[in-house]
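*Asks:* So you can see what is in the structure, the chains are spelled out below.
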Amino acid sequence: MRVTVAMIAQLVQGDIEGDPQVEIQGPAPIEAGTPGTISFLADVKYEAFAYQTGSSALLVDRTFSPQQPIKATLIRVDNVRMAVAALLKQFDQSKTGTGTISKQAFVDPSAVIGANVSIGHFSVIDNGAEIGEGTIIHDQVTIGPGARIGKNSVLFPGVRVYKNCQIGDDCMIHSNAVIGSDGFGFAPKADGSYDKVPQLGNVILGNHVEIGANCVIDRATMGSTVIEDGAKLDNLIQIAHNVRIGAHTVIAAQAGIAGSTHIGSHCQIGGQVGIVGHIQIAEGTKIQAQSGVAGAIVEKDQAVYGSPAIPYGNYVRSYAVFKNLPEMEKRLRKLEKEVKEKRS
Amino acid sequence: MRVTVAMIAQLVQGDIEGDPQVEIQGPAPIEAGTPGTISFLADVKYEAFAYQTGSSALLVDRTFSPQQPIKATLIRVDNVRMAVAALLKQFDQSKTGTGTISKQAFVDPSAVIGANVSIGHFSVIDNGAEIGEGTIIHDQVTIGPGARIGKNSVLFPGVRVYKNCQIGDDCMIHSNAVIGSDGFGFAPKADGSYDKVPQLGNVILGNHVEIGANCVIDRATMGSTVIEDGAKLDNLIQIAHNVRIGAHTVIAAQAGIAGSTHIGSHCQIGGQVGIVGHIQIAEGTKIQAQSGVAGAIVEKDQAVYGSPAIPYGNYVRSYAVFKNLPEMEKRLRKLEKEVKEKRS
Amino acid sequence: MRVTVAMIAQLVQGDIEGDPQVEIQGPAPIEAGTPGTISFLADVKYEAFAYQTGSSALLVDRTFSPQQPIKATLIRVDNVRMAVAALLKQFDQSKTGTGTISKQAFVDPSAVIGANVSIGHFSVIDNGAEIGEGTIIHDQVTIGPGARIGKNSVLFPGVRVYKNCQIGDDCMIHSNAVIGSDGFGFAPKADGSYDKVPQLGNVILGNHVEIGANCVIDRATMGSTVIEDGAKLDNLIQIAHNVRIGAHTVIAAQAGIAGSTHIGSHCQIGGQVGIVGHIQIAEGTKIQAQSGVAGAIVEKDQAVYGSPAIPYGNYVRSYAVFKNLPEMEKRLRKLEKEVKEKRS
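Residue numbers (the working numbering), protein chains in the order written: chain S, 1 to 344; chain Z, 1 to 344; chain W, 1 to 344.
No lab work stands behind these hints, which were simulated from the structure alone.
Be aware that one or more of the hints could be misleading.
When chains are identical, the list treats them as one kind, so a pair holds in a single copy or across two.
Calculated pairs, SDA-like style, for lysine to any residue (alpha carbon to alpha carbon, straight line, at most 25 Å) [unchecked claim]:
no., residue 1, residue 2
1, Lys-163, Lys-189
2, Lys-189, Glu-283
3, Lys-163, Glu-31
4, Lys-45, Arg-62
5, Lys-95, Asp-229
6, Lys-196, Asp-43
7, Lys-163, Ser-193
8, Lys-330, Ile-113
9, Lys-340, Gly-134
10, Lys-71, Asp-61
11, Lys-334, Glu-31
12, Lys-95, Gly-114
13, Lys-89, Arg-343
14, Lys-71, Pro-35
15, Lys-103, Glu-133
16, Lys-45, Val-298
17, Lys-196, Asn-314
18, Lys-323, Glu-299
19, Lys-189, Leu-88
20, Lys-286, Arg-244
21, Lys-323, Tyr-312
22, Lys-89, Val-3
23, Lys-95, Asp-15
24, Lys-286, Thr-100
25, Lys-45, Pro-29
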């Protein structure tokens, strides 16, 4: 479909200054805009780019008054950031499937495939699996026996869903993420070796969950590892067996959560955070990147930092002193000397 | 096969209180039990669940005396945890293969495939590779040229085994783990760029090794990167070139071990631990999660903590003071003032 | 091809002591050498191995004078390490493709495939994708719609390249790495849930870039996430959306770089390092393993350490005091007591 500046202006309820018939292929950052793209100016500190950009159109604030001539057609809006969000959605094709099943996929005859499902090349839908209406299974994905995928979800190439796991509606799972691998459970034997504890549970993902590339979510020993509705996981995250992640909690890349820990809803967990097993984290907790949480967090909406983690402000203040520890040690030594001299 | 309470009682040498003919589909956590499942009560603090559970059967201690009526059939045993372990094994199907080779797999004519091997759809067994008797290669796995996999091992979907790597008997490798990628070796050139050092060695895994999902074990520059018998690796772990991991060492998720380091046997390495290259770690070493080990550990059975890591107790004591550093700095300042005032 | 000691001696400009006609299959570490292999002695502390090695040939320094008889044929060279590098290249086959396209691959008719390209089994080359001359696409790789791969690059099994991403010439990407997954962008809504911000940009890799196994490089929201020429990334690394990595920067395993951060050229980033978003890191910066960089680094060629990171030497000195904090606290307490006693 041909998209013009006029159509975009209508979408974002903006007013046009310039040629409304310019055709737009997609958005671009203002400093890298080329003809056929639309950019935006949301922050005055980037104003200089507005005069140099090669973009054909520019979303700007209604109050913006240019100090130099601008070649691009302007679209004036009330809120630039909201207009950009609407624009990005307009050009988004991440949920565009073929609606067909590749002849080079393996779909077990016992699998139940909903209407308008896309299944890519060399994907495997194993016996008893169910794929809900409108879901897009990209190439080379594995859906294990008895696994259930909801409606309008997207699984990118190389995603592995082990047997009996369940994924909700409107989820997005990025490439090479693994859902349902065995929990890490071993019983020590008298001779110092280990006996594997079979992992018979599954993983359940709610609706509107996003899982980043190369994440791993282990199945429960018994019962379920659960990621509740609307939780968003960045890449390379480890979720151990029997963990529960509350609704609308966001977790940044490379964080890891040990077994049986329950995280409340609306938490924000920073990158490379580690959380020990068998604890509860209250809803609304904010954990600073690289922190290590070693015990339960009972009070809601706290921010913590450090390894082991302590209240955020305390860590910052302690670390400020830490940076001057050699100096502080010298002051102590000097004082010791003074006191000693006085004594003698 | 139909499994009844009577059969389970016999398996765990337990005594039945209730209907021995109830059919059991599998185990479930006591708080989430449904009809047809069996649960257990190993810790009195969960006793309340015993009176509410929907499970059809319950493993309890011989000495357990209920304070309220329990609907579930009880199986009384000497050691609940051991009975649960036996029960989980009974229902475990992770080593159940088809014993067939998918017509949609690629198996090079020169590959040697043992008896009763399962090979899934879209898997590749390259030239000269060998797969031992009873091994299960799931879907979309890659076994590179000349690679050798032992007997009764299980490789889950998306595992990549590069050329000439060797995997022992009774191993389990979870999805998307990579065995034998190039070690990270580059020689700096005069112009500031880097020259790749070819990585010609391989990876050797002993017997009874478990490798978690999305782990990476790099091949040696020359010789072998070695994971000895019975070692267990959780998910997302990095093992660099020429590393050696001792027998029955367990490593938690997201730990990383740099090149040429040798870890002794029976070590316990916590999650997100980092260990520098070219050092030795004595057997029985315990490394606390998120620690960074920067030098050799010579003495056996030590516990270390911190980044860089120091003896465990020392870190804990130093961190206890760290948390009060601002307070300590104030005390020092006050003392300086007092001494100064006295002087004047 | 038969390779003899004589041929190797010519390659490395060495002088032979012993049988020049011995056939060599490949290199091996001196302590693990077997007949048919060639080893090297670059460091006198390993001299004892020279008298025991089973290798057929040994690269040694011109000045080396053995204290015991050596069975292996010696090749004397000016610089052992450089000779080893030349030798490794001689035996390297990592860039040896079949030059053919598997009949079990899916190549869209609209894809443009250069001369002498290898495409492995069950790989997918999607519509509009381009693969440059001499590039090797191993088995089970995904090249998304409109993606462009340069010349003489190697993509190992399971690599995923999302749509419209670009990879340069002479790149190497290891198994299960993901190039172009969605950046982690979500806008909070009034009800506490999140709205996905579509990620419409791409990833651009320069020439001579190496990406380790299971790395993830997210696509930009708009514009491009860029890895410049000659950058080398180890395994399991996270590169967020709109990041730029400068030329010839090396990054060790499990490091993570948050969104929109720009790293200069010739930096060295240690393992498990975390870097916050939206900052600039000057060229030549060295970041110690496990550090957390929380702010811009403006001055070139600095070394930093700690979480949050401070100048390297400062961290080392502060940590030295940290290790003795309990002792220091005791000294302070003692002094307080003394001063108090004097006062009274």
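*Asks:* Give me the numbers of the hints this structure contradicts, sorted from smallest to largest.
*Replies:* Of the numbered hints, 1, 7, 8, 9, 11, 13, 17, 23 and 24 do not hold.
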